[in-house]
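Q: Letter by letter, the chains look like this.
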Amino acid sequence: DSGVTQTPKHLITATGQRVTLRCSPRSGDLSVYWYQQSLDQGLQFLIQYYNGEERAKGNILERFSAQQFPDLHSELNLSSLELGDSALYFCASSPVSKTGQETQYFGPGTRLLVL
Amino acid sequence: AQSVTQLGSHVSVSEGALVLLRCNYSSSVPPYLFWYVQYPNQGLQLLLKYTTGATLVKGINGFEAEFKKSETSFHLTKPSAHMSDAAEYFCAVSQTGANNLFFGTGTRLTVIP
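Protein chains in written order, with this note's numbering: chain Y, 165 to 279; chain G, 3 to 115.
Next comes chain Y alone, as it looks inside the complex (with noise of 0.2 Å):
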C-alpha cells in the first residue's frame, strides 16, 4: 500500500459526458502528479501540482482540467468524454516538486471506460 489512495477506482460513462477522478496523497507530500496509461499512448504525464499551484503541464488535453484543493487531495476532471479516454488513471505524490528525484508513490488507478 502507497498511501496514495484513488476514488473511484472503476467508472463507466458515456460519450460526451463529464467525469471526475479524485485523489488524496500520502501524507504529508505536497505535490500530486497525474498520469494516463493507455494502450496506444502508454503511460503519460498529465499535469502536476504542488501545494495547491500548478507545476507542470505534459500531455494534458484542453477537456481536461485538474485542481489541488488546500487539504492537499487532488481532482482530475475530464469533460466531453470520448471513446478515446478510456484508459487508466493514476495518481502519484510525493514530498516535494522540483528536485527531480524524488521517489513517487502510485495509488492503484482509476479505470475508466467510456462507451
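Everything labelled a hint here was simulated from the structure, so no lab data went into it.
Hints may contain errors.
A few chain G positions that, by computed beta-carbon distances, are all more than 12 Å from chain Y [said to hold, decoys possible]:
1) Gly45
2) Ser72
3) Ala88
4) Ala94
5) Ile114
Calculated pairs, DSS-like style, for lysine-lysine (alpha carbon to alpha carbon, straight line, at most 30 Å) [stated by the list, open to error]:
6) G:Lys70 <-> G:Lys51
7) Y:Lys221 <-> G:Lys51
8) Y:Lys173 <-> G:Lys51
9) Y:Lys221 <-> Y:Lys173
10) G:Lys71 <-> G:Lys51
11) Y:Lys221 <-> G:Lys71
12) G:Lys60 <-> G:Lys70
13) G:Lys71 <-> G:Lys60
Per the computed footprint, the stretches of chain Y lying under chain G, defined by three or more beta-carbons under 8 Å from a beta-carbon of chain G, are [said to hold, decoys possible]:
14) 205 to 211
15) 267 to 276
Where is the CB? At the ideal position from N, CA and C, for every residue including glycine.
Got chain Y; can you put chain G on it based on the hints?
A: Chain G alone, transformed into the frame defined by chain Y:
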C-alpha cells in the same frame, strides 16, 4: 528533451534464470533514472532509482540496475527469476528542476516454471 526506450515489449525467462530488461534513455542533461514495477490490477511500485553517486543501484526484491553514461543505458537485472516477478516493468527518466516522469513503453516479464 527526454525519452526512454525499452527494448522488448515481452520477455520470457525460466524460473531461476537471469532476468535482463533493457532501458536506454535520451536526455540533454544528467538524468535521474527509475525502474517501476506494475503487478496486474495494481499501481506502480518503485523498484530502484539512480540519482547521483554509485552507478550500480540495488533495489527491492533482488533487482539491480547499472547506470552507464557512455551507453546511455540503465538495464535492470536479477540473477534468478522467481514466479512472483511476473509483472510489467517500466523504465522512467526525470531531470533536475522537473519532477514529472517520462516512461518507456514497458516490458512484460513472464516467468516459466
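Q: All the hints need checking, so say for each whether the structure fits it.
A: Hints, one by one, checked against the model:
Against chain Y, the non-interface label of Gly45 (chain G) is violated: not every CB pair exceeds 12 Å, the least being about 4 Å. Every CB of chain Y is more than 12 Å from the CB of Ser72 (chain G) (nearest about 22 Å), matching its label as outside the interface. With a closest Cβ-Cβ approach of about 19 Å to chain Y, Ala88 (chain G) is found to remain outside the 12 Å limit, as its non-interface label requires. The claim that Ala94 (chain G) is not at the interface with chain Y is violated, since a C-beta of that chain comes within 12 Å of its own (minimum 8 Å).
Against chain Y, the non-interface label of Ile114 (chain G) holds: every CB pair exceeds 12 Å, the least being about 25 Å. Simply put, Lys70 (chain G) and Lys51 (chain G) have alpha-carbon atoms about 13 Å apart, close enough for the 30 Å limit, and the pair holds. For the hint linking Lys221 (chain Y) to Lys51 (chain G), the alpha-carbon distance of about 23 Å falls within 30 Å, and the restraint holds. For the hint pairing Lys173 (chain Y) with Lys51 (chain G), the CA-to-CA distance comes to about 28 Å; that is within 30 Å, so the pair holds.
For the hint pairing Lys221 (chain Y) with Lys173 (chain Y), the CA-to-CA distance comes to about 24 Å; that is within 30 Å, so the pair holds. For the given pair, Lys71 (chain G) sits about 15 Å from Lys51 (chain G) by alpha-carbon distance, which is consistent with the 30 Å threshold. Proximity of Lys221 (chain Y) to Lys71 (chain G) is assessed by CA-CA distance (about 28 Å); at most 30 Å being required, the pair is judged to hold. Taking the CA atoms of Lys60 (chain G) and Lys70 (chain G), the gap is about 15 Å. The hint holds against a cut of 30 Å.
For the proposed pair Lys71 (chain G) and Lys60 (chain G), the alpha carbon gap of about 17 Å is at most 30 Å, so the pair holds. Figure legend: the stretch 205 to 211 of chain Y, annotated as covered by chain G; annotation consistent (4 residues with Cβ-Cβ distances under 8 Å, at least 3 required). Here's how the stretch 267 to 276 of chain Y fares: 7 of its residues keep a CB closer than 8 Å to some CB of chain G, so the rule of at least three is met and the hint holds.
Comparing the model with each numbered hint stated earlier shows that hints 1, 4 do not hold.
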